[in-house]
Amino acid sequence: MSLLTIRSLVKSFGANTVVKDFDLHMQDSEFISLLGPSGCGKTTVLRIVAGFETPSTGSVEIDGQNVTGLRPNQRKIGMMFQSYALFPNLTVAGNVAFGLKVSGVSASETTRRVDEMLAMVGLSGFGARYPYQLSGGQQQRVALARAIAPRPRVLLLDEPLSALDAKIRVALRGEIRAIQRELGITTLFVTHDQEEAMAMSDRVVVMNGGRAEQVGTPDEIYNRPASRFVAQFIGALNMLPATLRDAATGMVETPIGPLSLERSLPQSNGTALTLAFRPESLRLIADGEALPPQNFSGRLMTREFLGAIVRFRAEVAKDLTLGIDCFNRTGETLPQIGHEVRLGIPAQEILVLN
Amino acid sequence: MNRRFRIGPSLVTLAAILYFFVPLYAAFQFSLQMKRGELSLAAYGSVFQDGVFINALTFSILASAAAILFGALLVVPTAYWVRLRLPKLRPVVEFISLLPLIIPSVVLVFGQIRMFGSSSILPLTTSDWGTNLLLVIGYVVLSLPYMFRAVDNGMAAIDIATLTEAAESLGASRARIVFTIIFPNIRAAVVSGAFLTFSICLGEFAIASLLNRSAFGPYMVQLGQDRAYEPAALAIMSFALTWVLMGLMQAFANMKPGQGLFRLPFQKKSPRP
Ligand SMILES: Nc1ncnc2c1ncn2[C@@H]1O[C@H](COP(=O)(O)OP(=O)(O)O)[C@@H](O)[C@H]1O
Ligand SMILES: [Mg+2]
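Heads up: the protein sequence lines correspond to chains F and V, in order.
137 is the number of the first residue of the first sequence in our numbering; add one for each residue after it.
154 is the number of the first residue of the second sequence in our numbering; add one for each residue after it.
To be clear, the hints were calculated from the coordinates, so they are not data collected in a lab.
Virtual Cβ for every residue (Gly too), placed ideally from N, Cα, C.
Warning: the hint list may mix true and false statements.
[To be verified] In silico contact screen, one side only, chain V against chain F (beta carbon under 8 Å); selected entries:
(1) 318
(2) 321
(3) 323
(4) 324
(5) 326
(6) 329
(7) 337
Hey, can you work out the whole structure from these sequences and the hints?
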């Protein structure tokens, strides 16, 4: 049995349907991200789970209990917001104690739990401060401690890191994930940042226009995107128009010449296809190196130094450029702009999109 | 910045200061002249020795405290709910709250007397406590424009929607949210609304007089007709009181959570990390 079950969820605001036929089954202790462009309905799904919005149709079950008709304060959930939403009139300890007091936990137990939670988020000794005396990252840590103190059944996070600096964002996402693992809290995380979703999640739900386009592990989402939208939304992608010549052997005709995909395709011969592959799938072949079966030439147009990787764009045919990511290894000299290079790609790394 | 002396603005400022302070100074000077040929505080002493003064002042303070309490209990939940759930209704509520500025209080009190007079279904005016209640309700209505404005501005300064959701997700009921989260966070606004209410109620004449309450407003008017020096002393004291209230309002408005109103010099500020 799954801990959080969302069934056939539909949500319309007037004539505008923003969540369409959304299903999700979350296992106990699972960390799932809702990932998608702004306005695709992520927050709306989360708010329906929290009880702040009522679904037009569909249901939400937590731990086998149908909570669709329950008010938010009856659902035993924890929530974190982008804007921290700490109570400005309460101290850090007062904020963390709030949910415990509401549920009638004894004073001594409250004190003990507040200390434990503050230690967990690395803010021991900050109990007497007020929210305005803390940095953004510290405030969000308090918000995390406050959300998990009453031991919620589900933790809901709506872009909790978006308001923070890049460095703190990365550090805090690691901490949130570590605490989530330690406590085993089932967590639904909303983000528009694919790196965040990939780095943190057990599974990712890629959303588009109110629908779940694909649900899968970060690996599956990245390497086996189920739709053109997912392929384009996650990571950088090169696209190559192609015409299918021989479906049985996977021979296609492209602007860079014939390529073999080394597998049979379900489409019929003559179908127009789009081939897609990641920039890191393309390899620069050094002079004298053996040529792989799928190779073609191009001219380097731009070169972007990104630290660990160097990203090139190469013109491989008239009006057709491809991105190439190379590791930046010391001692290895990478070619300069303007050079003619030979490029290779493993056939199994080429995706076929309709 | 150019800090050069500018003749035009300086003259205007000087004129404004004179316009304000000359009558005040004249009243003050006059209030000290009760004893012929010398300056004394005799007029002030005379005011304080008058038992009617103390009674009227006490009555008005209690009535305005009650008005502040009722007003806050009426306005805070209303403003909260309108902001949270009925934002489209806000202009309507705002308009209603401004009505007391347009409708004279005489009209209000006549309405009250007709509605709750001795021959009505609910004859509040026949009993002392009922009439006092009418007075307090009248005060609440009079202070509504100020109270609502202050509270509504206070709510605009905090993200009440998100704070409410955060509290709800932690299991809190609506009443608990209003009293433990919303009220404390708009305390400064409620306090400034309260001081405005207080100063309106203290000077109010029409309602108190027509309901025949021995409040401070009617007392001042009576005194003004009967005496010469004491009204000037009263006017000066009212000014002083108003200024003290304004100062307190400022102090409350600038107060951070967890700070007392008066910070002693040896108390350390908690350090920013
Ligand atoms: N209360 C609301 N009333 C009307 N439209 C809304 C409301 N909340 C969200 N929407 C609309 O629903 C769509 C999805 O919003 P949201 O779930 O916030 O997207 P996301 O979090 O993915 O950016 C948006 O087009 C938004 O304008
Ligand atoms: Mg959102």
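Per the CB criterion, is residue 323 of chain V less than 8 Å away from chain F?
-> holds (4 Å)
Interface hint for residue 321 of chain V, Cβ within 8 Å of any Cβ on chain F | At about 4 Å, which falls below the 8 Å cut-off, the nearest Cβ of chain F leaves the hint on residue 321 of chain V intact, so it holds.
Have a go at the residue 324 of chain V hint: is there a Cβ in chain F nearer than 8 Å to its own Cβ?
-> holds (4 Å)
Per-residue hint verdict: residue 326 of chain V, partner chain F, C-beta under 8 Å = holds (6 Å)
Restraint satisfaction for residue 329 of chain V [CB to CB of chain F, less than 8 Å] | With Cβ-Cβ at 7 Å, under 8 Å, it holds.
Can residue 318 of chain V be said to touch chain F, with a Cβ gap under 8 Å?
-> holds (6 Å)
Under 8 Å, Cβ to Cβ, is where residue 337 of chain V needs to be relative to chain F, so tell me if that hint holds or is violated.
-> holds (4 Å)
The structure meets every hint from the earlier list without exception.
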